[in-house]
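Visitor: Please arrange chain B on chain A, whose structure you already have, making use of the hints.
Sequence lines, in order, name chains A and B. Numbering-wise (this note's numbering), the first sequence opens with residue 28 and increments by one. Numbering-wise (this note's numbering), the second sequence opens with residue 537 and increments by one.
Hints should not be assumed to be uniformly reliable.
Stated by the list, open to error - Label-pair restraints from in silico Cβ distances:
{"no.": "1", "chain 1": "A", "residue 1": "SER36", "chain 2": "B", "residue 2": "PHE581", "range": "18 to 26 Å"}
{"no.": "2", "chain 1": "A", "residue 1": "SER54", "chain 2": "B", "residue 2": "GLN615", "range": "14 to 22 Å"}
{"no.": "3", "chain 1": "B", "residue 1": "GLY576", "chain 2": "A", "residue 2": "ASP90", "range": "26 to 34 Å"}
{"no.": "4", "chain 1": "B", "residue 1": "VAL586", "chain 2": "A", "residue 2": "SER85", "range": "22 to 30 Å"}
{"no.": "5", "chain 1": "A", "residue 1": "SER54", "chain 2": "B", "residue 2": "ALA575", "range": "24 to 32 Å"}
{"no.": "6", "chain 1": "A", "residue 1": "SER85", "chain 2": "B", "residue 2": "HIS647", "range": "22 to 30 Å"}
{"no.": "7", "chain 1": "B", "residue 1": "ASP588", "chain 2": "A", "residue 2": "VAL39", "range": "44 to 52 Å"}
{"no.": "8", "chain 1": "A", "residue 1": "SER80", "chain 2": "B", "residue 2": "ILE553", "range": "44 to 52 Å"}
{"no.": "9", "chain 1": "A", "residue 1": "GLN107", "chain 2": "B", "residue 2": "LEU582", "range": "33 to 41 Å"}
Since the hints were made in silico from the structure, they are not lab data. Beta carbons are placed, not taken as given, at the ideal position from N, Cα and C, and that holds for glycine.
For reference, the chains in residue letters:
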Amino acid sequence: GAGVSQSPSNKVTEKGKDVELRCDPISGHTALYWYRQSLGQGLEFLIYFQGNSAPDKSGLPSDRFSAERTGGSVSTLTIQRTQQEDSAVYLCASSSDTGELFFGEGSRLTVL
Amino acid sequence: GQNIDQPTEMTATEGAIVQINCTYQTSGFNGLFWYQQHAGEAPTFLSYNVLDGLEEKGRFSSFLSRSKGYSYLLLKELQMKDSASYLCAVRVISGGYNKLIFGAGTRLAVHP
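Only chain A is shown next, with the shape it has when bound in the complex:
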């Protein structure tokens, strides 16, 4: 597609369940970012990929959070044993060498 695609757009889950969020970046973009945005707040950096490797995982809030990227393209963010404080919009962005980030529409996660 022409833009960054994220799925699901909305996810409601029960506390303790695992969730997977998917990001399909713009074709040819080598860099991929995951951010989290709580209601009315700024963007919190989670993890960054260059190709398939993640040189910076410093933003992951806990070991319940993990992410992978395969084939230099699609990335999956997994949250295990979800907690209510995990409720937020999870934004994925990709960029080429110019550095401008193109964002997806986000996945809104609600943990009941």
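Guide: The following block gives chain B in isolation, referenced to the frame of chain A:
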């Protein structure tokens, strides 16, 4: 550490000019971005500065002073549709790769 500061909220009148300031303390500075985010939508790119000075793009201009760790976004001839959050983001080089760090954003309300 990395720190980016911008005002939380601003209000302005339709047709007027507004300046949104951003100050940063970062290591490995490699450019500054401004993004616009309407409520419930993904951020969209507005401007990019890597050298000192003013970059103009239509009604929007962005200024950078690297020695002062300071940038501003200038919006002219304000329209109601400019009501949004404006995110200042600094690109830093860390461990040989680029990372984009966002400020908390400035919510701008434009009133008639």
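Visitor: A range of 26 to 34 Å was offered for this pair. Does it hold for the Cβ distance of B/GLY576 and A/ASP90?
Guide: holds, 31 Å
Visitor: Using the Cβ atoms, figure out if A/SER36 sits within 18 to 26 Å of B/PHE581.
Guide: For B/PHE581 against A/SER36, whose Cβ atoms are near 21 Å apart, the range 18 to 26 Å holds.
Visitor: Does the hinted range 22 to 30 Å hold for B/VAL586 and A/SER85 at CB?
Guide: Taking Cβ atoms as reference, B/VAL586 and A/SER85 lie about 24 Å apart, which means the hint holds.
Visitor: Hint says 44 to 52 Å; check whether the CB-CB distance for A/SER80 and B/ILE553 agrees.
Guide: For B/ILE553 against A/SER80, whose Cβ atoms are near 45 Å apart, the range 44 to 52 Å holds.
Visitor: Evaluate the given range 33 to 41 Å for the C-beta pair formed by A/GLN107 and B/LEU582.
Guide: Distance hint for A/GLN107, B/LEU582 holds at roughly 36 Å.
Visitor: Is 14 to 22 Å a correct range for the gap between the Cβ atoms of A/SER54 and B/GLN615?
Guide: violated, 34 Å
Visitor: Please test the hint of 24 to 32 Å on the beta carbon pair from A/SER54 and B/ALA575.
Guide: With Cβ atoms ~29 Å apart, the hint holds.
Visitor: Does the Cβ pair B/ASP588, A/VAL39 satisfy 44 to 52 Å?
Guide: For A/VAL39 against B/ASP588, whose Cβ atoms are near 48 Å apart, the range 44 to 52 Å holds.
Visitor: Verify the CB-CB distance for A/SER85 and B/HIS647 against the hinted window 22 to 30 Å.
Guide: violated, 40 Å
Checked against the numbered hints given earlier, the structure breaks hints 2 and 6 and satisfies all the rest.
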